[in-house]
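Participant: Spelled out from the first residue to the last, the chains are:
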Amino acid sequence: MSGAPDDQVPIAGRDGPSAEGTPRGAADLRFYQTGTFAVGGRLLEQSERTVQSDAERGNAITKGHRACQGCGEALGARYALDAALHAAGGRVIAANATGCLEVFSTPYPESSWRLPWIHSLFANAPAVATGVAAALRAKGRTDVRVVGQGGDGGTVDIGFACLSGMFERGDDVLYICYDNQGYMNTGVQRSAATPPAARTATTEALGRHPGNDFGQGKNAPLIAMAHEIPYVATATVAELHDLEAKVTRAMDFHGPRYIHVLVPCPLGWGSRTAETVLIARLAKESGLFPVFEAVDGRITAVSRIRRQVPVEQYLRRQKRFAHLFDGDGRPDVLERLQAHAERNIARFGLLGEADRAGEIELLDALATGEAGP
Amino acid sequence: MFSVRIHGRGGQGVVTAAELLSAAAFAEGLESQAFPSFGSERMGAPVVAFCRVDERRIRLREPIAEPDAVVVQDPTLLHHVDVFGGLLADGYVLINSARSMDELGLDELRGRHHPERLVTVPASELARARLGRPIPNAALLGALVALTGLISLPALERAIAARFNGAAREGNRAAAGDAFAWTDRLARARESAHA
Amino acid sequence: MREQLEGSQAVARAVARCRPEVVCAYPITPQTHIVEGLSRLVHAGELAPCEFVNVESEFAAMSVAIGACAAGARAYTATASQGLLYMTEALFNASGLGLPIVMTVGNRAIGSPINIWNDQGDAMALRDCGWIQLYASDNQEAVDLHIQAFRIAEALALPVMVCMDGFVLTHAFEPLEVPDQAQVDAFLPPFSPHQVLDPDEPMTIGAMVGPEAFTEVRYLAHAKHLEALELIPRVADEFRSRFGRHSGGLLEPYQSADAKTVVLTLGSVFGTLVEVVDELRERGESIGAVALKCFRPFPMRELREALQGAERVIALERAFSVGVGGIVSADVRAALAGLPVQVNTVIAGLGGRPITRRSLRTLFQEARAGNLGELHFLDLKADVVERELARQKGGGRSGPHAEGVLRDIGAVAAGPV
Numbered sequence: 001m002s003g004a005p006d007d008q009v010p011i012a013g014r015d016g017p018s019a020e021g022t023p024r025g026a027a028d029l030r031f032y033q034t035g036t037f038a039v040g041g042r043l044l045e046q047s048e049r050t051v052q053s054d055a056e057r058g059n060a061i062t063k064g065h066r067a068c069q070g071c072g073e074a075l076g077a078r079y080a081l082d083a084a085l086h087a088a089g090g091r092v093i094a095a096n097a098t099g100c101l102e103v104f105s106t107p108y109p110e111s112s113w114r115l116p117w118i119h120s121l122f123a124n125a126p127a128v129a130t131g132v133a134a135a136l137r138a139k140g141r142t143d144v145r146v147v148g149q150g151g152d153g154g155t156v157d158i159g160f161a162c163l164s165g166m167f168e169r170g171d172d173v174l175y176i177c178y179d180n181q182g183y184m185n186t187g188v189q190r191s192a193a194t195p196p197a198a199r200t201a202t203t204e205a206l207g208r209h210p211g212n213d214f215g216q217g218k219n220a221p222l223i224a225m226a227h228e229i230p231y232v233a234t235a236t237v238a239e240l241h242d243l244e245a246k247v248t249r250a251m252d253f254h255g256p257r258y259i260h261v262l263v264p265c266p267l268g269w270g271s272r273t274a275e276t277v278l279i280a281r282l283a284k285e286s287g288l289f290p291v292f293e294a295v296d297g298r299i300t301a302v303s304r305i306r307r308q309v310p311v312e313q314y315l316r317r318q319k320r321f322a323h324l325f326d327g328d329g330r331p332d333v334l335e336r337l338q339a340h341a342e343r344n345i346a347r348f349g350l351l352g353e354a355d356r357a358g359e360i361e362l363l364d365a366l367a368t369g370e371a372g373p
Numbered sequence: 001m002f003s004v005r006i007h008g009r010g011g012q013g014v015v016t017a018a019e020l021l022s023a024a025a026f027a028e029g030l031e032s033q034a035f036p037s038f039g040s041e042r043m044g045a046p047v048v049a050f051c052r053v054d055e056r057r058i059r060l061r062e063p064i065a066e067p068d069a070v071v072v073q074d075p076t077l078l079h080h081v082d083v084f085g086g087l088l089a090d091g092y093v094l095i096n097s098a099r100s101m102d103e104l105g106l107d108e109l110r111g112r113h114h115p116e117r118l119v120t121v122p123a124s125e126l127a128r129a130r131l132g133r134p135i136p137n138a139a140l141l142g143a144l145v146a147l148t149g150l151i152s153l154p155a156l157e158r159a160i161a162a163r164f165n166g167a168a169r170e171g172n173r174a175a176a177g178d179a180f181a182w183t184d185r186l187a188r189a190r191e192s193a194h195a
Numbered sequence: 001m002r003e004q005l006e007g008s009q010a011v012a013r014a015v016a017r018c019r020p021e022v023v024c025a026y027p028i029t030p031q032t033h034i035v036e037g038l039s040r041l042v043h044a045g046e047l048a049p050c051e052f053v054n055v056e057s058e059f060a061a062m063s064v065a066i067g068a069c070a071a072g073a074r075a076y077t078a079t080a081s082q083g084l085l086y087m088t089e090a091l092f093n094a095s096g097l098g099l100p101i102v103m104t105v106g107n108r109a110i111g112s113p114i115n116i117w118n119d120q121g122d123a124m125a126l127r128d129c130g131w132i133q134l135y136a137s138d139n140q141e142a143v144d145l146h147i148q149a150f151r152i153a154e155a156l157a158l159p160v161m162v163c164m165d166g167f168v169l170t171h172a173f174e175p176l177e178v179p180d181q182a183q184v185d186a187f188l189p190p191f192s193p194h195q196v197l198d199p200d201e202p203m204t205i206g207a208m209v210g211p212e213a214f215t216e217v218r219y220l221a222h223a224k225h226l227e228a229l230e231l232i233p234r235v236a237d238e239f240r241s242r243f244g245r246h247s248g249g250l251l252e253p254y255q256s257a258d259a260k261t262v263v264l265t266l267g268s269v270f271g272t273l274v275e276v277v278d279e280l281r282e283r284g285e286s287i288g289a290v291a292l293k294c295f296r297p298f299p300m301r302e303l304r305e306a307l308q309g310a311e312r313v314i315a316l317e318r319a320f321s322v323g324v325g326g327i328v329s330a331d332v333r334a335a336l337a338g339l340p341v342q343v344n345t346v347i348a349g350l351g352g353r354p355i356t357r358r359s360l361r362t363l364f365q366e367a368r369a370g371n372l373g374e375l376h377f378l379d380l381k382a383d384v385v386e387r388e389l390a391r392q393k394g395g396g397r398s399g400p401h402a403e404g405v406l407r408d409i410g411a412v413a414a415g416p417v
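Protein chains in written order, with the working numbering: chain A, 1 to 373; chain B, 1 to 195; chain C, 1 to 417.
Careful, some of the hints might be misleading.
Selected chain A positions facing chain C (in silico; Cβ < 8 Å) [said to hold, decoys possible]:
1) Val92
2) Ala123
3) Ala127
4) Ala134
5) Arg137
Chain B is faced by these chain C residues, among others (derived, beta-carbon under 10 Å) [said to hold, decoys possible]:
6) Arg2
7) Glu3
8) Pro30
9) Asn118
10) Asp165
11) His171
12) Ala172
13) Gly271
14) Thr272
15) Val274
Here chain B is said to cover these stretches of chain C; the calculated rule only asks that three of the stretch's residues, wherever they fall, bring their Cβ under 8 Å from a Cβ of chain B [claimed, not checked]:
16) 173 to 185
17) 347 to 356
Keep in mind that the hints were calculated from the coordinates and are not lab data. Every residue gets a Cβ at the ideal spot worked out from N, C-alpha and C, and that includes glycine.
Given these sequences and hints, build the entire structure.
Facilitator: Now the structure itself:
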């Protein structure tokens with residue numbers, strides 16, 4: 001596999017993405033760099049290879065689409081859907097919200113989709129998926145699975161009511177949100193997933209508070225957990241094994257499942273097209289994007305930071321944060337962002353047992369409604 | 001065509017009354033139509049329901065502005081809502097009350113309509129005796145049937161039996177029968193008084 | 001066999017006989033009794049296999065129907081008024097995608113001001129959404145139209161909305177016949193979709209279409225509507241031969257063939273209208289009526305044929321286009337272009353105001369006397385309007401019009417209706 005290798009905490013096979021210190025295979029070794037085909041100079045067992053490594057993979061979204069060079073969403077969608085197809089024996093129907101993915105994958109008169117796929121509106125992908133699932137249920141088609149998908153805009157903002165409705169009804173849909181933290185297809189506008197201080201066309205880097213405001217935004221994975229649906233997970237395009245394992249695991253459950261994937265957007269983030277995977281990794285390693293899994297509303301596994309990096313390393317690679325560094329820069333804002341990262345690390349236990357302290361228990365308790373103020 | 005307008009308050013079974021009457025008429029081979037004056041669900045608010053009965057198919061869809069009979073399930077509506085508006089000269093009035101028309105302050109009606117067609121019936125009391133609750137609709141229908149001869153009592157009883165179950169079925173049937181008998185007696189008494 | 005039923009309940013049973021596989025529902029007055037009826041049937045196992053989905057909004061209801069229909073299931077929902085508007089985007093989407101969904105609209109006024117009573121403003125506001133719009137003149141027709149609607153929708157791959165006046169029809173209790181299952185099965189075969197999401201034959205539904213092809217795709221929608229003009233009467237004929245009664249079709253004339261004045265309307269007011277027509281004809285007047293059953297597509301040719309002999313056509317409408325006037329009458333005038341027929345628009349029954357025989361008699365008297373303007377609002381309280389306008393011109397915080405008018409007429413209704 002060309003490009004940066006996967007950095008993985010112990011072998012993340014299909015049995016569990018963040019198995020902590022649970023080695024597989026004959027050797028009791030921790031591999032930190034697992035490639036698509038090989039590790040430690042040896043070929044991986046077939047069962048340990050990624051779906052992407054398989055020449056016979058589903059190729060749910062095949063070549064010829066019009067995504068930008070370096071598009072994280074195109075990558076994430078391919079990874080996720082091929083894994084879903086693999087898990088479901090090739091029998092998946094997808095409902096897609098309006099957005100980058102829908103637009104670049106179906107440029108009239110072509111389509112890159114090789115699975116049955118429907119695009120209805122911006123705000124209704126979860127509801128359309130619900131409808132497809134209901135039809136399959138009525139017809140007794142238990143062999144066909146349903147995936148709903150969309151960007152952060154269509155999921156966390158305009159599609160939120162439909163998403164919540166799908167969750168609370170217990171509909172049998174895996175919903176995947178490809179989060180590039182803004183409305184990219186329409187020219188990079190702010191969404192409820194846009195991080196603080198980020199520049200967008202509607203949160204310009206001007207004035208005393210350049211970029212997006214602090215104190216706003218929705219944490220969609222936590223909100224999904226609050227619905228106590230069977231499975232919630234976050235992932236990034238930097239960890240192929242992890243993302244595939246999570247999608248595969250999600251397909252083991254029935255009922256509503258939610259996977260939130262961080263997909264850098266070189267155009268909207270102002271990053272180099274060759275650094276999409278690197279930037280996704282830095283988002284995780286800085287603590288700004290926690291990677292975890294939750295079952296029935298409780299966090300069950302966390303993908304630990306291997307080597308924490310200061311947020312600055314992540315932010316410097318993106319022009320949407322350039323105003324924090326130009327001239328005198330904004331060290332005060334950087335400090336706040338670093339504090340965000342530290343808070344995530346403490347809350348989710350991203351650096352391991354010693355750091356969990358009481359925070360992770362508090363988080364669990366909040367998720368199950370047992371905590372006091 | 002015979003038009004009945006029923007006044008009451010939400011929760012007193014006014015709409016059910018209109019439907020029962022219409023179902024009973026249909027059972028007797030007549031055409032009939034029942035509908036409420038519409039509004040949001042709310043207990044205690046004034047409610048009106050309508051019932052038309054005819055030999056031929058009913059095509060009219062307007063509310064009943066000129067009723068042949070007015071039934072008032074709740075006397076607190078008198079002097080408050082224009083319950084008698086449009087009542088035809090030879091129309092019937094049936095009011096749920098233990099008091100007389102005079103005691104209710106309605107003596108002026110007698111000047112404009114046939115006095116023997118204006119009746120008060122203690123329907124809530126009759127209902128309470130049979131049902132344990134003062135829901136007067138079935139009783140009032142029994143009285144209406146006796147007063148107007150619009151349909152037969154057995155037809156009304158069948159409609160009640162089809163609509164309710166268990167104790168409510170028996171209770172409502174009995175209340176309707178009691179009110180029928182009560183009204184019938186009253187009519188006879190008035191006749192002999194005039195004779 | 002006829003049975004005393006509430007309009008909504010009868011419609012629920014008729015829809016159930018059509019074997020919908022997915023019913024999605026969001027409550028709104030006055031359609032709630034229909035979906036409640038269907039919910040009971042599904043829960044009791046009497047309607048199966050059928051998934052009943054309680055959705056979080058009308059927008060979600062139509063979206064669920066879109067997904068279900070695209071996956072090959074017969075899908076149904078019902079709404080009214082604000083709910084219909086809330087699903088606007090999805091309505092255009094469904095018709096654009098060619099999904100044969102059937103929906104009941106319990107016609108109700110659109111706010112503001114909020115009003116739960118009957119008029120046809122809701123369906124009229126969505127007349128361009130690409131759905132076929134059928135209007136029921138009475139409850140028996142409402143029952144029958146739903147059965148015909150699935151046939152029409154699936155034959156054309158176009159969604160159909162069956163409009164029935166809210167409260168006036170939905171909440172009326174009267175003798176109705178709901179065809180039995182065997183009869184409906186013989187009339188309505190299982191859904192065989194033109195397009196379906198199927199892993200065995202994957203297809204992409206809902207791609208973007210650019211300037212090179214959009215016109216053609218949209219023209220096809222129009223062409224299908226024109227096809228519907230041929231199909232709807234055929235389906236109505238077949239319905240009559242199987243079920244033994246006249247229901248649906250494009251329009252229904254009543255004593256209009258030789259009438260000098262013809263009154264055109266849609267929906268339940270037709271029942272009251274024909275009573276007045278009979279009365280007046282008995283007195284020697286040359287008057288007739290036409291009920292329009294299909295509003296979209298608009299039966300230009302058929303309506304022209306039906307009305308061409310008249311001297312005057314009165315379009316009696318339960319909705320209007322603010323700033324212009326009649327909605328249906330605009331299409332009527334187009335249909336009668338070039339003919340020496342005068343068309344009057346009468347806006348009546350807005351927000352549930354009853355249309356009475358008395359008002360209609362007066363109206364036709366005015367028409368006869370030549371006093372009827374081109375646009376007339378039936379039973380309009382002109383003095384109330386004038387006072388409110390004067391109040392607003394008085395400056396300052398005159399307040400919302402609704403408040404002003406309600407205070408003026410006395411907020412508590414003194415009359416029985």
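Participant: Does each hint fit the structure? Answer for all of them.
Facilitator: How the hints compare with the structure:
1. Val92: This hint holds: Val92/A lies near chain C, its Cβ roughly 7 Å from the closest one there, short of 8 Å.
2. Ala123: holds (7 Å)
3. Ala127: Hint on Ala127/A: holds, closest Cβ of chain C at ~4 Å, below 8 Å.
4. Ala134: holds (4 Å)
5. Arg137: holds (5 Å)
6. Arg2: With Cβ-Cβ at 8 Å, under 10 Å, it holds.
7. Glu3: holds (8 Å)
8. Pro30: The hint holds - Pro30/C has a Cβ within 10 Å of chain B, the shortest such distance being about 7 Å.
9. Asn118: holds (8 Å)
10. Asp165: holds (8 Å)
11. His171: holds (6 Å)
12. Ala172: Since chain B brings a Cβ to about 4 Å from Ala172/C, closer than 10 Å, the hint holds.
13. Gly271: holds (4 Å)
14. Thr272: Thr272/C check passes; min Cβ-Cβ to chain B is 5 Å, inside 10 Å.
15. Val274: For Val274/C, the interface hint holds, since the closest Cβ of chain B sits about 6 Å away, which is under 10 Å.
16. 173 to 185: Per the Cβ count (3), the hint holds.
17. 347 to 356: That given contact holds, which follows from 4 residues of the stretch 347 to 356 of chain C lying within Cβ reach (below 8 Å) of chain B.
The structure agrees with every numbered hint stated previously.
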